[in-house]
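J.: Chain by chain, the residues:
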Amino acid sequence: MKVIALIAAIMTGALLIYGIEEMPEWGDPNSPASSHVSPLYIQEAIEKTATPNMVTAVLADYRGYDTLGETTVIFTAGIACVLMLRKKRKGGGD
Amino acid sequence: MLDYVIGKYNFWIYVVLMMIGLYAMMGKKNLVKKLIGMNIFQSAIILFYISTGVKKGGATVPILMGHAQGHGHQAIDVAGYLNPLPHVLMLTAIVVSIATTGVALAILILIYRRYNTLEEDEILKIRKDTGV
Amino acid sequence: MAEQFPALIIVVPLIAAFFIPLIGWWKKQLCYPWVVAVLVVTFISSLGIINTVMTTGKFSYRLGGWAPPWGIEYALDYLSAFMLVIVSFISLMVAVYSKKSVEKELPEKTVPFYTLFLLLITGLLGIVITGDVFNLFVFLEISSLSCYALIAIGEEGAPIAAFNYVIMGTIGACFYLLGVGYLYVATGSLNMADLAVILPNMYHSKIILVAFAFFTVGIMIKGAIFPLHIWMPDAYSTAPSAVSALIAPLMTKVAAYVMIRIMFTIFQPRFSVETVPVMTILGWLSFIAIFAGGIKALAQTDLKKMLVYILVAEVGYIVMGVSVANKIGLTGAILHILNDAFMMACLFLIVGAISYRIGTRDIHKLHNLNKIMPFTMGAFTITALSMVGIPPACGFFSKWYLILGTIEAGQWAFAAALLCSSLINAVLFFRVIECAYFKPMEPAYANDGGETHMAQRDEAPLTMLVPIVIMAAGIILLGIFSGNIISSIIQFAVPASF
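Protein chains in written order, with the numbering used here: chain A, 1 to 94; chain B, 1 to 132; chain C, 1 to 498.
Hints in this document: simulated from the structure, not taken from any laboratory. The C-beta atom is built at its ideal place from N, Cα and C for all residues, glycine as well. Warning: the hint list may mix true and false statements.
[Said to hold, decoys possible] Derived PhoX-like pairs: lysine-lysine, alpha-carbon spacing no greater than 25 Å straight-line:
{"#": "1", "chain 1": "B", "residue 1": "K29", "chain 2": "B", "residue 2": "K125"}
{"#": "2", "chain 1": "A", "residue 1": "K87", "chain 2": "C", "residue 2": "K365"}
{"#": "3", "chain 1": "A", "residue 1": "K87", "chain 2": "C", "residue 2": "K206"}
{"#": "4", "chain 1": "A", "residue 1": "K2", "chain 2": "B", "residue 2": "K28"}
{"#": "5", "chain 1": "A", "residue 1": "K2", "chain 2": "B", "residue 2": "K128"}
{"#": "6", "chain 1": "C", "residue 1": "K371", "chain 2": "A", "residue 2": "K87"}
[As the list claims (entries may be wrong)] One-sided excerpt, in silico: chain B residues whose CB lies under 7 Å from chain C:
{"#": "7", "residue": "N30"}
{"#": "8", "residue": "I45"}
{"#": "9", "residue": "V96"}
[To be verified] Derived coverage of chain A by chain C (criterion: at least 3 residues anywhere in the stretch with Cβ under 8 Å from a Cβ of chain C; other residues may be distant):
{"#": "10", "stretch": "19-30"}
{"#": "11", "stretch": "38-45"}
{"#": "12", "stretch": "55-63"}
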């Protein structure tokens with residue numbers, strides 16, 4: 001198992017390093033990630049959402065639906081713990 | 001070569017972290033160690049995303065200063081603020097990773113209640129002995 | 001109202017799930033009717049959506065009114081509307097069925113069970129409906145988290161299986177997330193339609209190649225596609241019966257849907273097929289999966305375990321249909337998503353009913369089951385015939401298209417594998433049918449008094465029987481109307497680039 005794990009880890013790492021070569025320079029303001037969708041968030045957020053914090057504007061407004069999903073994930077985890085860990089009220093302890 | 005490594009060192013760091021996490025998840029025998037590996041793995045991805053939001057050259061945190069609502073009509077300099085989108089995505093991903101850890105810990109409690117151990121080989125042995 | 005169906009189909013089960021703990025706190029018995037009512041609404045919404053798609057063509061729904069590349073949109077085309085109907089119908093049937101089995105298997109845990117049950121369905125619907133790759137990840141995690149917990153409360157060994165699933169599932173989800181990240185770095189967009197426009201110019205890029213590889217591996221883990229299915233047999237066979245009847249047909253099919261989306265909507269076939277050899281690899285993997293699943297299934301005596309290994313082979317069919325990458329093969333794959341969801345759901349429902357009544361799932365202990373549970377066994381026989389591929393039942397038609405697709409692609413080995421698997425299925429199911437119908441009853445069976453000489457008629461309770469019979473009837477109807485389904489929906493659901 002350890003050998004398989006090592007091979008899997010190395011293969012994943014190799015694949016990722018293979019992809020690094022064409023990655024844009026770190027911190028390049030003109031990289032696609034910073035120039036396609038995100039400039040509009042920076043320019044319009046205050047006007048459209050009246051929120052100076054752009055992260056908040058995107059989190060709660062532009063992509064508010066993701067945030068609904070995020071809260072649902074927490075709710076799911078909470079209920080999951082209730083489902084798994086709640087015991088019948090007769091034994092008392094293990 | 002050195003420039004090549006240093007220019008993108010954010011990627012190298014996260015690749016290394018990710019390999020450590022992946023190895024721990026698959027290769028370790030102790031279930032808690034697997035879980036810790038999972039956390040390292042998820043943190044690596046979070047670091048990767050955050051690093052894609054960085055802009056060099058004087059960019060600051062994506063919070064507008066001095067643009068009072070209503071009359072902020074002078075054009076906002078895009079290069080002056082970090083890319084907010086990866087931050088948003090990672091807020092969600094952090095929550096997901098915490099929730100996964102929580103559920104996994106609850107499952108570990110179930111396992112511990114049943115077998116009194118968290119070592120994978122010991123559990124397998126117990127299951128073999130009891131014939132299930 | 002009608003134009004809000006896309007929002008309702010997610011929001012109604014989501015909000016309803018939040019209310020279940022409150023309802024259960026007030027009156028525990030109300031949880032079940034509440035869940036069924038909610039799923040009826042969901043099913044009606046999905047019918048409304050497919051109706052809109054069929055009359056006006058594909059459309060998108062902007063959440064919060066934000067324009068697509070910036071905000072999140074729902075993309076509704078034939079394929080996603082079709083999947084919505086499948087998911088909501090099967091989950092409705094399983095919900096109707098769940099009453100007695102939950103009362104018996106999890107008497108103390110009804111309330112959180114139904115909460116997670118609805119959340120799981122919400123997650124699956126969300127995966128299907130969304131047009132945003134990151135939003136898909138969020139829904140994937142909602143469904144996975146609820147799935148982990150629902151599996152962990154199963155029988156002996158379930159927590160271990162669930163923990164393995166957590167580890168593998170997280171690797172899968174994280175790989176998917178990495179794929180999203182790489183696409184984002186390369187393009188700056190998260191919207192599927194937008195990505196589809198930007199990507200063709202950069203197919204030579206190594207980043208895109210790596211992203212594609214991570215997407216594929218991540219989805220293979222989540223969808224239990226051979227050889228990354230190793231977590232699945234234990235997890236699905238130890239889960240409570242209502243849970244396995246829900247996740248076994250749906251999780252794998254939804255993952256297959258995501259695979260088709262990524263390979264043929266976000267990427268174009270000319271990338272997925274020509275630039276990378278992934279289709280050849282997937283084709284041969286599914287070739288092995290069909291045999292490995294069948295042979296492993298032959299070795300099982302536990303009926304549920306057997307079904308789980310058959311599921312490995314069935315997922316192999318779908319992947320094979322995708323991998324030949326021509327119109328007929330893909331038609332077969334999409335039709336098989338529908339048919340196999342019905343067949344697998346029906347089989348798992350039947351197994352749940354049998355273990356509810358008889359208390360065992362051992363194939364060799366099912367003597368005289370046709371006398372004890374005639375309707376259930378009738379449904380089982382119909383489904384078995386469909387799995388083997390006898391014409392009036394639906395299994396034949398999807399297999400027919402799959403075989404035609406492999407022949408058109410010139411992959412004779414794949415066509416042979418599909419035919420062989422029919423033979424394996426015939427052996428597998430005849431083994432069970434023989435035990436249930438033709439084996440003389442052993443006197444040892446009479447455990448309730450001693451002198452019982454004829455098996456008493458002891459059919460499954462009505463809430464279990466009705467979904468089983470509906471599903472079995474559905475299998476025949478889908479077979480009879482499969483021509484109509486293909487000509488009115490599936491031929492448009494096949495990605496336009498073919």
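J.: Against this structure, judge whether each hint is valid.
T.: Now for the hints, and whether the structure bears them out:
1. B:K29 x B:K125: Holds: B:K29 and B:K125 sit about 13 Å apart, inside 25 Å.
2. A:K87 x C:K365: Violated, because 33 Å separates the two Cα atoms, which is more than 25 Å.
3. A:K87 x C:K206: 52 Å, violated
4. A:K2 x B:K28: 7 Å, holds
5. A:K2 x B:K128: Holds. A:K2 to B:K128 sits at ~22 Å (cutoff 25 Å).
6. C:K371 x A:K87: 39 Å, violated
7. N30: 12 Å, violated
8. I45: Where the cut-off is 7 Å and the nearest Cβ of chain C is about 6 Å from B:I45, the hint holds.
9. V96: 5 Å, holds
10. 19-30: holds (count 5)
11. 38-45: Check passed, 3 qualifying residues.
12. 55-63: Holds: 3 residues of the stretch 55-63 of chain A have a Cβ under 8 Å from chain C.
Hints 2, 3, 6 and 7 from the list above are not met by this structure, while the remaining hints are.
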